[in-house]
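Trainee: Work out the full structure: start from the sequences and follow the hints.
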Amino acid sequence: MSKAINGRYAIEIPLDASSVEDFKPDKGVKVLVKDKKGAIQSQVAKLDGKGQGAATFSFSEHPGALQVVVGPEDATDQEIQGLQTISFAVSARQWVGKERLQLRPILISAYYWWWWWRWCRTFTITGRVICADGSPVPGAKVCAYDVDRWWIWSSIQQVGNCETTDINGAFTIKFRWCCGWWPWWWWRYRTWNINPLLTDRINTVLQQAPNVRLQPLTSSQPGLSAFKGLLAEEGLDLDKPLTATDADKLEIVRTQLVKKLPVSAELAQLRIWPWWPWRPWWDCTPDIIFKVTQDCITPGTVIVDEDVSDTRWDIPNPLNVTLIANEKACCRPICPPGQVCDEGECLLITQVCGDPINEIGGNLGAPAAPAGYLRPGGVVPGSTTYNGDRPYADTVTITKNTGDMIGVDYYEVEFFNGATWGPVPPGAAVSFSRRWMLLPGATTGDEPFPFVTMPDAASVPHTVVESREHFENTHYGDWWPGSGFRFWIVNETLLLPLDSTKFADGTYQFRVVGWQLGGSGELINPKVIPVCGTEKDNNLVLTFDNRVVTAVGHDPSHNCGGGIHTCTLEPDTHISEVRINGVKVNPCDTVNAQDGILEIDFLANDPDKHLGGYSLVATYGLSSVVNLLDQPSSSVTPLVAGIQTGWNAGDANGTYGVALSQGATAPHWGGGKYTLRINVTEAFPIPCCYQFELRAWKRTVVGCYHGYAHNNLTEYSIGVGIC
Numbered sequence: 000m001s002k003a004i005n006g007r008y009a010i011e012i013p014l015d016a017s018s019v020e021d022f023k024p025d026k027g028v029k030v031l032v033k034d035k036k037g038a039i040q041s042q043v044a045k046l047d048g049k050g051q052g053a054a055t056f057s058f059s060e061h062p063g064a065l066q067v068v069v070g071p072e073d074a075t076d077q078e079i080q081g082l083q084t085i086s087f088a089v090s091a092r093q094w095v096g097k098e099r100l101q102l103r104p105i106l107i108s109a110y111y112w113w114w115w116w117r118w119c120r121t122f123t124i125t126g127r128v129i130c131a132d133g134s135p136v137p138g139a140k141v142c143a144y145d146v147d148r149w150w151i152w153s154s155i156q157q158v159g160n161c162e163t164t165d166i167n168g169a170f171t172i173k174f175r176w177c178c179g180w181w182p183w184w185w186w187r188y189r190t191w192n193i194n195p196l197l198t199d200r201i202n203t204v205l206q207q208a209p210n211v212r213l214q215p216l217t218s219s220q221p222g223l224s225a226f227k228g229l230l231a232e233e234g235l236d237l238d239k240p241l242t243a244t245d246a247d248k249l250e251i252v253r254t255q256l257v258k259k260l261p262v263s264a265e266l267a268q269l270r271i272w273p274w275w276p277w278r279p280w281w282d283c284t285p286d287i288i289f290k291v292t293q294d295c296i297t298p299g300t301v302i303v304d305e306d307v308s309d310t311r312w313d314i315p316n317p318l319n320v321t322l323i324a325n326e327k328a329c330c331r332p333i334c335p336p337g338q339v340c341d342e343g344e345c346l347l348i349t350q351v352c353g354d355p356i357n358e359i360g361g362n363l364g365a366p367a368a369p370a371g372y373l374r375p376g377g378v379v380p381g382s383t384t385y386n387g388d389r390p391y392a393d394t395v396t397i398t399k400n401t402g403d404m405i406g407v408d409y410y411e412v413e414f415f416n417g418a419t420w421g422p423v424p425p426g427a428a429v430s431f432s433r434r435w436m437l438l439p440g441a442t443t444g445d446e447p448f449p450f451v452t453m454p455d456a457a458s459v460p461h462t463v464v465e466s467r468e469h470f471e472n473t474h475y476g477d478w479w480p481g482s483g484f485r486f487w488i489v490n491e492t493l494l495l496p497l498d499s500t501k502f503a504d505g506t507y508q509f510r511v512v513g514w515q516l517g518g519s520g521e522l523i524n525p526k527v528i529p530v531c532g533t534e535k536d537n538n539l540v541l542t543f544d545n546r547v548v549t550a551v552g553h554d555p556s557h558n559c560g561g562g563i564h565t566c567t568l569e570p571d572t573h574i575s576e577v578r579i580n581g582v583k584v585n586p587c588d589t590v591n592a593q594d595g596i597l598e599i600d601f602l603a604n605d606p607d608k609h610l611g612g613y614s615l616v617a618t619y620g621l622s623s624v625v626n627l628l629d630q631p632s633s634s635v636t637p638l639v640a641g642i643q644t645g646w647n648a649g650d651a652n653g654t655y656g657v658a659l660s661q662g663a664t665a666p667h668w669g670g671g672k673y674t675l676r677i678n679v680t681e682a683f684p685i686p687c688c689y690q691f692e693l694r695a696w697k698r699t700v701v702g703c704y705h706g707y708a709h710n711n712l713t714e715y716s717i718g719v720g721i722c
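Under numbering that gives the first Met the number 0, the first residue of the sequence shown is numbered 0, with each subsequent residue one higher.
Keep in mind the hints are simulated off the structure, nothing from the lab.
Under the rule of at most 30 Å between Cα atoms (straight-line distance), these lysine-lysine pairs were calculated in the BS3-like manner: (1) K227 with K258; (2) K26 with K173; (3) K672 with K608; (4) K227 with K248; (5) K173 with K290; (6) K49 with K33; (7) K173 with K45.
Computed spacing ranges between beta-carbons, pair by pair: (8) Q593 with D629: 20 to 30 Å; (9) N316 with V624: 45 to 55 Å; (10) P13 with S59: 19 to 29 Å; (11) F470 with P525: 17 to 27 Å; (12) N585 with V551: 20 to 30 Å; (13) K248 with P684: 42 to 52 Å; (14) D629 with D554: 23 to 33 Å; (15) T190 with N585: 57 to 67 Å.
Note that beta-carbon positions come from the ideal geometry of N, C-alpha and C, so glycine has one too.
Mentor: Quick look at the structure:
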């Protein structure tokens, strides 16, 4: 707050709140003056029991015209200039022949005295940021924003400072919120953007009234140009973006528009103008959304990103929230309620690539067969898709429970080769890193955990990695709760990444052997770590199916290597022949068929019998497509003897999937060679150029990616009904 300075010129501004009923002099009044050069002075005047007081300002040189603003004592200099409070001008003429100017008392009515203490309030937001499983997200930056929306535009404004979550993911944000602004002042501090969500919702409503025609927008800023055909002249330039000077006319405009636009309770509930009145400068309670970032893997990673549909309208004070972070967040693992996690000298493998062990065949809690396959899913009725029984490929991550492996300094991974247990192939056990965070301050760092070769007491070498528990006991001193401590935020429970390409395709058993460190740095006391809560050795069963990509030996007619077709048999696709009414149609040929039958001989095959599905469509025109496998006349016939024929053949009730009708028996389906038959009129809706797109994909989980990374594509183009 600026104070008056000693100077030749002075002005006294008396204040009078005596008309306020039951007046109590427990609050002061802020008085601000701005001179002709824009210099500002302000001070808080105390009123006596009769509601009277004064503020005096002095100037070293003639101040000329002054602007005087009076308001609540806790308003900042910036706030008080923008609020609709008592304001008046002192003209330069009033100084003529005077060095000291005394004004008439400024009367403070009960209206202002009541509103002043409600216009600006301090709000408190408390909350936690957690992952979907309830574990906390520490060291995350939480920012809160007030939301406003007008027609298809939205505006957000940060409130308070961004705060960092503590070890439990908790945060507190305090901010000051004012209302009662002059519209021009409020407008000055808002920036606007076209909001796709609002656009979609408004457009959905407008489609219900095809007679309402709006003009295309030509500006990214709020304006009324879209309503040119609906508005009578109201003194607004509809071609220019809105400004604060237009604020007093918007309610008149809204009255016209709601009579012509379709009624929408949804848009009114969302408080979208013109279905909802709009005077945001009088919004005395903020409407809040959040954005949360975390410097974990990549600095500034967004882990919570709310939009206008998530707005908390007219928040209470205080507001308490729980924010659920996305999959990019680094969570601090916690022991779930009711579960003992500090199990001692034991090991419970819990996940492979994020898949629970009880969903992978042959493992703890899962069916015994098919061993090593991710089980969820299966045949999709009525489609060419088989989603279940998924093998793994590339590097897979293996994690354990959150408990400690007490007494294990180093560990190695062994696999069963069909006769004995032994070390995994060289390079199969992949070195990795763990990342820690240090609070307070949310600084981070990485610690490498390499697989190294160390001798045992008999000088036999073993490929081992240091356990997390041994590292914590021998590095740093601040791993436990206190005024500042370190904890893992990435890979705390990771056992290892396992490179499956170092194995031939097939099903394997793995186990983890724990070692202690001897006095001379040798490995001693080997032990297959038992499963927690049992006397059984730990064990993991996985099935691998990696693929080979090479043009060597690939059928040259498939055009791999020079086009879009991948040089692999895993899976392979090919369109060997296209016939219309029995006549062969080569790629790029044109035909004038108007009816009859289209036949396509095609290949969708995986020699490892892990086909996930195939599709065959025809694209044409402007982004148009025909699903050739899903038309009324469509039928697919396998061309390989011994495979059940027909579209859903042998399926009287229509409950089996196409994959079953084409030879699928869990966990295997290899696909094969097929002929599609479909009516020409359904395949080719209009005369045009058509491109057949044949896709096939495997079920394999590749590098922990649960999409279908192992896929292939064949394209074949013809012209139908064109010259």
